[in-house]
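J.: If you want the building blocks of each chain, they are given just below.
Protein chains: 2
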Amino acid sequence: MFYTVGEMAKLVGVAPSTLRYYDKEGLLPFVERSKGGIRVFKESDYEWLKVIECLKKTGMQLKDIRTFIFMAMEGDSTIGKRLELITNQRKAVLRRIDELQETLATLDFKKWYYETAKAHGTTEVPKNMPYEELPEEFREIRKRLRGI
Amino acid sequence: MFYTVGEMAKLVGVAPSTLRYYDKEGLLPFVERSKGGIRVFKESDYEWLKVIECLKKTGMQLKDIRTFIFMAMEGDSTIGKRLELITNQRKAVLRRIDELQETLATLDFKKWYYETAKAHGTTEVPKNMPYEELPEEFREIRKRLRGI
DNA sequence: TATTGACTTAAAGTCGGGTTTAAGTTGTAC
DNA sequence: GTACAACTTAAACCCGACTTTAAGTCAATA
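These protein sequence lines are chains A and B, in that order. Residue numbering for the first sequence is 1 to 148, as defined by my numbering. Residue numbering for the second sequence is 1 to 148, as defined by my numbering.
Chain copies aren't distinguished; within one or between two, either way the pair holds.
In the EDC-like style, the derived pairs of lysine to aspartate or glutamate whose C-alpha atoms are separated by at most 16 Å in a straight line are:
no., residue 1, residue 2
1, LYS63, ASP23
2, LYS118, GLU74
3, LYS111, GLU137
4, LYS127, ASP76
5, LYS57, GLU102
6, LYS118, ASP76
7, LYS127, GLU47
8, LYS81, ASP64
9, LYS42, ASP23
10, LYS42, GLU32
11, LYS111, GLU84
12, LYS56, GLU99
13, LYS143, GLU102
14, LYS57, ASP108
15, LYS63, GLU53
16, LYS143, GLU133
17, LYS56, GLU102
18, LYS91, ASP108
19, LYS111, GLU124
Since the hints were derived computationally from the structure, they do not count as laboratory data. Given the structure is predicted, the values throughout are model-derived calculations rather than measurements.
Using the sequences and the hints, build the whole thing.
T.: Have a look at this one:
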């Protein structure tokens, strides 16, 4: 079965202009053309687009996804490099999750801060609450955030 | 103690141009000027910049940070709105962490996939590995990823 | 007072990831 | 054979978050 750019865009849930843009950026070297120059997407191209979607979700940049696609098209000789790329991306995602966990702790504190402020009608209450009265989970974080 | 834009930039670890940009975008309504028009940062402004840094880490956009700053400067009457903003941002961070956990699972699978491919010299081995031989933690994910 | 380094502004440039526009072409249906 | 929707391209535009540039000003030191 074959698809036009508009049909395939619907299948993968992006705008046709996005697929044309990816093509222009060299991310779709596998897409063929009709005699008239119109893009003809095959079933297997859908799988490639899923690969792109997956790598994009990891936060990978288009130029790196392009590199990955070219390596994958080259075959087994590039397995080592592909593994390296995936490993690096995995590390980047782990780091990002860590950062966000830190950030979440800060937001939890701020949420408590404003809930307490709201209950008392003033930020003075959470701001000046003595260390002993402060919920335990916020004692450390308030030190870090002093004045914030 | 007072600081110029360059000094304060060093203190908070950003480029002076960044602070000027934030000022232009209205994020620094608290910064005063000398008679000659030069920005004069106070100690307390450092705390505001730390607030901005913190909110930025949560992924909040500059225009929303600006809104937050203005509300915070207005005083206790805006506590409810600030709580709402923080709560929404907290939810956004939770969603983002969830997405990244999903993504991490995919990358773990791909890592195993290429490690196995590397060990055998071909992607055919992990690609066609029978369900029974597949490590348990990857059985579900391979179904979702079939062909990827 | 003159120099010098750091400041000022507006405007333009950069980057990533697209979207929109304009002018023209393809392919299908009648 | 003509109409029409959907395709083609290059180029321009958009967004957020800056950075860079250019031309000019301030303020501390010699």
